[in-house]
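The residues making up each chain are set out below.
Number of protein chains: 2
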Amino acid sequence: LAPASGISDFGVSHVTLEPGAWSSQRHWHEGEDEFVVILSGEAVLVDDSGETVMCPGDVAAFPKGDGNGHVLQNRSDAACVFIAVGRPAETDCHYPDIDMHLAAGEGFRRKDGGTL
Amino acid sequence: LAPASGISDFGVSHVTLEPGAWSSQRHWHEGEDEFVVILSGEAVLVDDSGETVMCPGDVAAFPKGDGNGHVLQNRSDAACVFIAVGRPAETDCHYPDIDMHLAAGEGFRRKDGGTL
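Protein chains in written order, with this note's numbering: chain A, 988 to 1103; chain B, 988 to 1103.
The hints are simulated quantities; they were obtained by calculation from the structure and are not laboratory data.
Positions of the beta carbon are idealized from the N, C-alpha and C atoms, including for glycine.
Worth double-checking, as some hints may not be accurate.
[Stated by the list, open to error] Ranges of calculated distance between the beta carbons of each label pair, as one might list FRET restraints: (1) Leu1103(B) - Asp1064(A): 50 to 58 Å; (2) Asp1035(B) - Leu1103(A): 45 to 53 Å; (3) Ser995(B) - Ala991(A): 20 to 28 Å.
Put together the whole structure using the sequences plus the hints.
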């Protein structure tokens, strides 16, 4: 939404997570905070703390560099709509569950640096 | 919410606007974008475009320096809850409807620079 609305201090995404969909693989960013607000439906936040059901009005913050990989999973049979706020990812992103790593300026690689 | 959650790239406020309350006087920032998401209840966005009723799930962006003073007014008889995202205000803030101006580093003044 940010480009469409003329703001640039941070990015904003209006996301519809269909039934069964995941927002991403579980991940954390070295240098960018993230913040989400659930608008409708229901999602399960999966991170190192376990699983947390999020409902409309619930918010979650993912501080940069905390090492706690997170993902939103829609396990319901209805769409889940949420707002995500963050800054453009310019630092490494870590994916604890899979053999993938986002290296700043280099794109996605295997954890040993090999190509995907 | 940002200090409590450990994020610092941007600020996040969870605001309850009681019936009859205004989020602010109508204002615009020279150097900070703002973004709001309505979670519950209803508010009237008043800006140079007129009046726009905002309902849960509605979002609005206020680009820095656009000169379009804005305010949320709760004219209903129920509380309105919204999330506001922005950065710490470090630049001048303009209040078109009243004799007040926020000068960076100097605090609130009258438009002629006099003390309030």
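Here's how the hints hold up against the structure:
no. : hint                                : verdict
1   : Leu1103(B) - Asp1064(A): 50 to 58 Å : holds, 56 Å
2   : Asp1035(B) - Leu1103(A): 45 to 53 Å : holds, 49 Å
3   : Ser995(B) - Ala991(A): 20 to 28 Å   : holds, 26 Å
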